[in-house]
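In order, the protein sequence lines correspond to chains S and U. Per this note's numbering, the first sequence runs over residues 19 to 260. Per this note's numbering, the second sequence runs over residues 19 to 260.
There could be a bad hint or two in this list.
Identical copies look the same in the list; a pair holds intra-copy or inter-copy alike.
Stated by the list, open to error - Computed cross-link-like contacts, DSSO-like style, restricted to lysine-lysine with a CA-CA straight-line distance of at most 27 angstroms:
hint, residue 1, residue 2
1, K142, K51
2, K51, K95
3, K243, K257
4, K174, K51
5, K174, K243
6, K174, K257
7, K51, K243
8, K95, K243
9, K51, K87
10, K257, K95
Source of the hints: derived by calculation from the structure; they are not laboratory data. As the structure is a computational prediction, the values presented were derived from the model and not from experiment.
Below, each chain spelled out in residue letters.
Protein chains: 2
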Amino acid sequence: MPNIKLTLEYDGTDFVGWQLQENGRSVQGELEKALRQILQQEIRAHGAGRTDSGVHAREQVANFYVAEKIDGGLLLKALNALLPEDVVAFELEEVPDNFHARFSATSRSYEYVVEQRPTAIGRKYCWFNTYAIDRILLEHCAAEVIGIHNFRSFCKTGNDSHDFECSVSVSSWSVEGTRFAYRITANRFLYGMVRALVGTMVEVARGHRPYDEFRRILLANDRGKAGMSAPAQGLFLTKVGY
Amino acid sequence: MPNIKLTLEYDGTDFVGWQLQENGRSVQGELEKALRQILQQEIRAHGAGRTDSGVHAREQVANFYVAEKIDGGLLLKALNALLPEDVVAFELEEVPDNFHARFSATSRSYEYVVEQRPTAIGRKYCWFNTYAIDRILLEHCAAEVIGIHNFRSFCKTGNDSHDFECSVSVSSWSVEGTRFAYRITANRFLYGMVRALVGTMVEVARGHRPYDEFRRILLANDRGKAGMSAPAQGLFLTKVGY
């Protein structure tokens, strides 16, 4: 059975997240429905990362097996014709049998956008706040994150993960006018990790926590220690590396 | 009666446009409703430009008269608390009695965005097409528009305008990856003018009309001659000058 790799973008606003759920509209559900309709077979799509409800993806990757050889260009066109307008498929290619969107991935990149000017047009794609944010503190916190750490303090409780170690290669803030953007790349991410990191960094940068505390939280391996979780709508999965 | 100048942004997606209409949700209607509720008086808001249904504004200006002196900062906060999330008020100041958002304006600027890569996240804020667009032809057309011209050929019929002369100071395209952005500034605009200009320029740039025709259309003073109107969702009012 040919194994197909699909790259797609979605607007997370009206989804319960990537993953199929009994109740609610998921990206995986919409994708599998469209594929079933086109290919007339049961399809299970494996995503590289399970984005939460409201989280966007500029580039998500999925793979699925099809019963027989397909014309990739044709399938891509058919998919985009059937998918709802908040999901777009970009690329589709046949890959080796053992390729798995999630397990074969060697890196994921996320971006988180904080906007300090109220906005009507971008309201669903940022966290709007007017805190007095110290940019230097944000950057110091971001630098602490680089390297191999146990990120248990920044992992949502209630998940079934036992391994909390992640290797972070990129972690930095950029500022353009009233817009603060955090970019992070790691081999893997824990559940809720980016939002907890951003929420905690912003608490430090607005003076609600001393700067030293960020390192202490990172070393504590205890989720109770971290700050608030930044809202889902500011988060974008931007790249999956293989 | 104090005269108040208000600067606001809106996402035009779910509006019938700026102007109050009997049926449908207008920006003016939402603004007047919120002001009435706060100030407990009838309010008539005058906008600098009547954006069409689906057209966005990064910066629209309105003015209105209030019965007595107000605390501007307080009114701005109250407004943003009452306005729906697709309208945001930025600035509010008292201006001389004779200031009129529309008649006092000396320039308006618009931006039009064409996106050639399908997008889920930006789908409501651009015109997506995959035409093979010749960038040089776009730029040549844009240059033709600069100066004082009769723009009747690019004015939607059925409006009550008799003066078709506009003085264009800025008219240029910029390209970033798959995104083409047209920026135009003029003392005034005719109904549907930017969308007709963009639609016609794109027809030339994709080879559907010879380049000479653009100048001929501009000189023809006849709306029947221009090309298609580019979709509303790619258009942004970006600045009103006084």
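For each hint, the structure was consulted:
1. Taking CA atoms no more than 27 angstroms apart as the test, K142 paired with K51 passes in both settings, with 26 angstroms inside one copy and 24 angstroms between copies.
2. Taking the shortest alpha-carbon separations for K51 and K95, only the intra-copy value of 15 angstroms comes in at or below 27 angstroms, while the best inter-copy value is 45 angstroms.
3. Taking CA atoms no more than 27 angstroms apart as the test, K243 paired with K257 passes in neither setting, with 29 angstroms inside one copy and 46 angstroms between copies.
4. For the identical chains of this complex, K174 and K51 are neighbours neither inside a copy (30 angstroms) nor across copies (42 angstroms), given an alpha-carbon limit of 27 angstroms.
5. When the C-alpha separation of K174 and K243 is checked against a cutoff of 27 angstroms, the pair qualifies only within one copy, where the shortest distance is 11 angstroms, while the shortest distance between copies is 61 angstroms.
6. With identical chains, the CA atoms of K174 and K257 are at most 27 angstroms apart within one copy only, with a shortest distance of 22 angstroms there and 44 angstroms across copies.
7. In this assembly of identical chains, the alpha carbons of K51 and K243 never lie at most 27 angstroms apart, being 41 angstroms within a copy and 45 angstroms across copies at closest.
8. Taking the shortest alpha-carbon separations for K95 and K243, neither the intra-copy value of 48 angstroms nor the inter-copy value of 34 angstroms comes in at or below 27 angstroms.
9. Taking CA atoms no more than 27 angstroms apart as the test, K51 paired with K87 passes inside one copy only; the shortest distance there is 20 angstroms, against 59 angstroms between copies.
10. Taking CA atoms no more than 27 angstroms apart as the test, K257 paired with K95 passes inside one copy only; the shortest distance there is 22 angstroms, against 39 angstroms between copies.
Taken one by one, the earlier hints fail for this structure at numbers 3, 4, 7, 8, listed in ascending order.
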